[in-house]
Amino acid sequence: MRTRRLIAALGGLLTSALPFHWAAAASAFHFPTPAERAATDAASAAERNRELRLLGITAMQPGATAYDIGKPGNANYDEASANPYPKLPALLVMSDGRKVTTPAEWAIRRSEIQAMFAEDVYGKYPTNIPPVTWKLGDVRRVTVAGVPAIVRHISGHADNSGDPAITVDIEADVVTPASLQGKRVPIIIGGAALHPFHFVARASAPGAIVHRIAMPKHPPDEAKLLLEAGWGFVDRNLTQVQADNGAGLSKGIIGLVDHGQPRSLDAWGVLRAWAWADSRILDYLETDPDVDGTQVGIMGHSRGGKEALVAMADDPRFAIGYISSSGKGGAALYRRDYGETLGNLCGVEEFHWFAGNFLRYCAAGHSADEMPVDSHEFIALIAPRPVFIGGGVLITSPQYVPGDAWQDTRGMFMAEAAASPAWRLLGFRGLATTKFPPMGTLIDSGRLAFRQHQYGHTPAPNWPYFIEFAKKQFGGEPAQTSQSTPQAKGPPVTLTAPAWQSGTYWINFDHELLVDFSDLAHFHAADQQLGTPAAGTPRVVFIGDSITEGWKLEKSFPGKPYVNRGISGQTSAQILLRFRQDAIDLDPKVVVILAGTNDLAENTGPATLPQIEGNLESMADLARANRIAVVLCSVLPSVHYWWHAELPDPAARIAALNQWLKAYAAREHYVYVDYYAAMKDAAGGLPHNLSPDGVHPSAAGYAVMASLVQAGIDNALNQRADEASGRSRGDFAARPPRGR
1 MRTRRLIAAL GGLLTSALPF HWAAAASAFH FPTPAERAAT DAASAAERNR
51 ELRLLGITAM QPGATAYDIG KPGNANYDEA SANPYPKLPA LLVMSDGRKV
101 TTPAEWAIRR SEIQAMFAED VYGKYPTNIP PVTWKLGDVR RVTVAGVPAI
151 VRHISGHADN SGDPAITVDI EADVVTPASL QGKRVPIIIG GAALHPFHFV
201 ARASAPGAIV HRIAMPKHPP DEAKLLLEAG WGFVDRNLTQ VQADNGAGLS
251 KGIIGLVDHG QPRSLDAWGV LRAWAWADSR ILDYLETDPD VDGTQVGIMG
301 HSRGGKEALV AMADDPRFAI GYISSSGKGG AALYRRDYGE TLGNLCGVEE
351 FHWFAGNFLR YCAAGHSADE MPVDSHEFIA LIAPRPVFIG GGVLITSPQY
401 VPGDAWQDTR GMFMAEAAAS PAWRLLGFRG LATTKFPPMG TLIDSGRLAF
451 RQHQYGHTPA PNWPYFIEFA KKQFGGEPAQ TSQSTPQAKG PPVTLTAPAW
501 QSGTYWINFD HELLVDFSDL AHFHAADQQL GTPAAGTPRV VFIGDSITEG
551 WKLEKSFPGK PYVNRGISGQ TSAQILLRFR QDAIDLDPKV VVILAGTNDL
601 AENTGPATLP QIEGNLESMA DLARANRIAV VLCSVLPSVH YWWHAELPDP
651 AARIAALNQW LKAYAAREHY VYVDYYAAMK DAAGGLPHNL SPDGVHPSAA
701 GYAVMASLVQ AGIDNALNQR ADEASGRSRG DFAARPPRGR
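As numbered in this note's numbering, residues 1 to 740 make up the sequence shown, in order.
Please keep in mind that the hints were generated in silico from the structure rather than gathered at the bench.
Computed from a prediction, not measured in an experiment: that's the story for all the values here.
Warning: the hint list may mix true and false statements.
Said to hold, decoys possible - So the derived label-pair ranges between C-beta atoms look like this:
id: 1; residue 1: Gln-181; residue 2: Gly-343; range: 23 to 33 Å
id: 2; residue 1: Pro-606; residue 2: Asp-516; range: 16 to 26 Å
id: 3; residue 1: Thr-294; residue 2: Tyr-85; range: 48 to 58 Å
id: 4; residue 1: Pro-262; residue 2: Pro-84; range: 29 to 39 Å
id: 5; residue 1: Ala-625; residue 2: Pro-32; range: 45 to 55 Å
id: 6; residue 1: Pro-687; residue 2: Pro-648; range: 16 to 26 Å
id: 7; residue 1: Lys-435; residue 2: Pro-687; range: 15 to 25 Å
id: 8; residue 1: Ala-655; residue 2: Thr-537; range: 47 to 57 Å
id: 9; residue 1: Gln-528; residue 2: Ser-264; range: 48 to 58 Å
id: 10; residue 1: Arg-98; residue 2: Leu-55; range: 27 to 37 Å
id: 11; residue 1: Arg-98; residue 2: Ala-703; range: 31 to 41 Å
id: 12; residue 1: Lys-552; residue 2: Gly-343; range: 23 to 33 Å
id: 13; residue 1: Pro-606; residue 2: Ser-367; range: 48 to 58 Å
Virtual Cβ for every residue (Gly too), placed ideally from N, Cα, C.
Make the full structure from the sequences, and use the hints.
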């Protein structure tokens with residue numbers, strides 16, 4: 001999931017959520033050529049092999065894949081088998097067996113935990129790290145996310161007099177509200193980016209699924225939220241300090257300390273090198289007249305979340321942290337078998353984050369249960385400072401699979417809950433519960449906060465909740481800027497930031513709509529290869545959105561010549577535009593139409609019921625004109641569109657559209673398949689036994705649908721037979737054919 005399969009050209013920067021300085025973009029954000037990437041991969045593999053030889057390891061655990069749910073080799077997303085090692089190392093027990101009952105004893109135990117993580121996980125800080133000299137560069141007054149701001153560019157130079165061949169500079173921009181200039185404001189390192197890079201997902205091959213990140217319709221802009229709260233942020237590029245690959249371990253700050261020689265097995269990895277850089281930025285912030293040096297926090301997402309957690313644990317000056325979707329190697333328990341595996345963490349693309357010694361637990365025949373520590377103990381090193389941990393959900397829709405399941409949000413909660421006793425020992429409240437809360441529930445009764453949002457691998461939905469949590473921790477709400485408006489107590493319910501302000505984590509869906517609104521290229525190659533159906537073969541085309549795309553027709557209808565032409569996320573207007581090439585031109589006997597739910601979810605903007613009805617009528621008219629029997633399907637029930645959670649009462653609109661569909665099919669003599677009546681629960685939604693997310697069917701849900709639609713297809717084929725013998729007054733006799 002966090003490998004270069006996802007965003008190969010970006011070198012890992014997007015999923016790491018490590019923003020970069022715009023002035024340095026040309027050099028820092030270089031798109032490697034295939035030859036450069038091959039050379040980096042080869043050098044990374046060579047360094048990993050060197051470390052494996054030193055450890056005497058000859059075979060490693062394989063990594064898992066992320067997207068192929070249910071297939072061999074894919075990550076486990078089943079809670080029933082997620083906890084093979086339920087017993088965690090004791091947090092408040094000394095290595096000699098004594099129980100920890102006082103803050104003084106905790107200080108000793110904390111040192112023990114630090115030493116174990118340094119030896120076995122993140123590596124040891126060297127004793128000879130060179131000092132950093134800071135310089136203030138240009139100072140500009142600009143508008144950031146609609147808010148006047150002061151941007152100060154700072155540059156830190158690590159003393160390389162001992163090895164002039166290796167240069168390490170830390171470039172960063174400090175952004176604070178212009179209206180509070182001269183006043184010391186809280187600031188979040190990594191909180192936002194001045195110029196986020198917008199990535200447009202594309203299929204790797206014609207017909208391949210494009211994996212996107214499920215986002216709110218209007219995700220909050222973190223820069224806007226921070227500045228309007230009267231806070232600032234630091235935009236920095238940590239990969240300038242240490243490259244995100246194994247090939248760079250002899251360069252950057254790690255290479256400078258080691259004079260370009262290979263690192264030792266217990267030496268620091270990249271995560272700790274990045275954390276060191278953020279601590280040096282904090283050195284500067286303590287001298288900045290516009291920054292409150294006692295209220296500097298840190299934020300990170302994905303691998304950036306791992307780094308932010310390391311920075312908080314290592315440097316007690318960080319006052320608060322927002323750790324988003326950090327997964328294994330961060331806040332999630334290593335002893336869980338859910339999502340990313342140890343095999344992935346120790347793969348060629350990720351091993352450099354850790355000490356070489358960490359590879360021992362990833363060797364074939366070994367497991368996380370052999371580790372002397374687990375992530376709850378690392379989280380506890382932050383105590384008693386406040387920290388907010390969050391992530392998203394498992395999503396099975398093909399376009400958005402697996403959501404945020406790779407990062408194991410439940411495993412992060414379990415670790416945070418297991419770390420809570422450290423806060424209580426020091427006289428502060430931790431999490432209020434050890435029971436995993438319902439999705440969307442904010443737990444923030446003490447100095448530990450947790451929230452699981454209903455979207456994919458993004459920190460955006462939890463930003464407003466983190467800011468509310470931080471306001472309480474900082475002892476009252478910071479002064480607001482003149483551009484902001486007073487907010488009601490509690491997290492905002494409606495997020496109104498425009499989509500183009502969604503930060504590093506925004507997927508440029510609007511751009512894709514402009515390039516190819518209905519994704520005509522999606523099935524082009526597959527349509528060309530399909531060819532004409534064999535004589536006497538009643539081809540049936542299923543056309544629709546993700547519910548159709550996710551349907552394994554070959555399993556539900558073995559041996560049947562059924563063709564799937566579903567595309568995730570599409571509305572009826574998009575499906576109508578491709579209806580001729582993806583349905584009519586395939587020369588089927590029957591077309592099964594299932595569309596409308598994404599219109600109601602406003603995937604491409606607001607849509608009225610008459611507009612949706614008109615698109616469905618047009619598809620049916622086109623099919624009839626080409627002597628194709630029509631099977632119209634009801635929209636599946638739902639009470640909550642998790643990707644556009646702000647929309648009110650979808651159940652009522654779904655019921656109204658289905659009422660029209662049923663009446664229209666009866667009037668026009670089309671076959672109507674009523675999934676809705678067979679699958680809805682008392683609230684008008686999909687029950688848990690039929691759906692994992694309240695929108696898309698599970699295997700059991702598809703089984704219900706299969707029996708219903710097969711009866712509908714049989715009925716439609718019988719209508720064709722009746723029409724051929726002149727007995728029908730319905731489907732084909734009702735209107736003269738228009739077309740071929």
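Results of checking the hints against the structure:
1. At roughly 51 Å, the beta carbons of Gln-181 and Gly-343 sit outside the given window of 23 to 33 Å.
2. Distance hint for Pro-606 and Asp-516: a CB-CB separation of about 22 Å, consistent with the stated range 16 to 26 Å.
3. Distance hint check for Thr-294 and Tyr-85: the Cβ-Cβ separation is about 40 Å, which falls outside the suggested range of 48 to 58 Å.
4. For Pro-262 and Pro-84, the hinted distance range of 29 to 39 Å is satisfied, since their beta carbons lie about 35 Å from each other.
5. Remark: the range hint 45 to 55 Å for Ala-625 to Pro-32 is upheld by a beta-carbon distance near 52 Å.
6. Distance hint for Pro-687 and Pro-648: a CB-CB separation of about 22 Å, consistent with the stated range 16 to 26 Å.
7. Between Lys-435 and Pro-687 the Cβ separation comes to about 22 Å, which falls inside the hinted range of 15 to 25 Å.
8. For the pair Ala-655 and Thr-537, the supplied restraint of 47 to 57 Å is violated, since their beta-carbon distance comes to about 37 Å.
9. Between Gln-528 and Ser-264 the CB atoms are about 57 Å apart, so this pair conforms to the stated range of 48 to 58 Å.
10. Remark: the range hint 27 to 37 Å for Arg-98 to Leu-55 is upheld by a beta-carbon distance near 32 Å.
11. A C-beta distance of roughly 57 Å is found between Arg-98 and Ala-703, which places it outside the suggested range of 31 to 41 Å.
12. Take Lys-552 and Gly-343: their Cβ atoms lie about 27 Å apart, and the range 23 to 33 Å holds.
13. Roughly 52 Å separates the CB atoms of Pro-606 and Ser-367, a value that falls within the hinted 48 to 58 Å.
In this structure, the earlier hints numbered 1, 3, 8 and 11 are contradicted, and the remaining ones agree with it.
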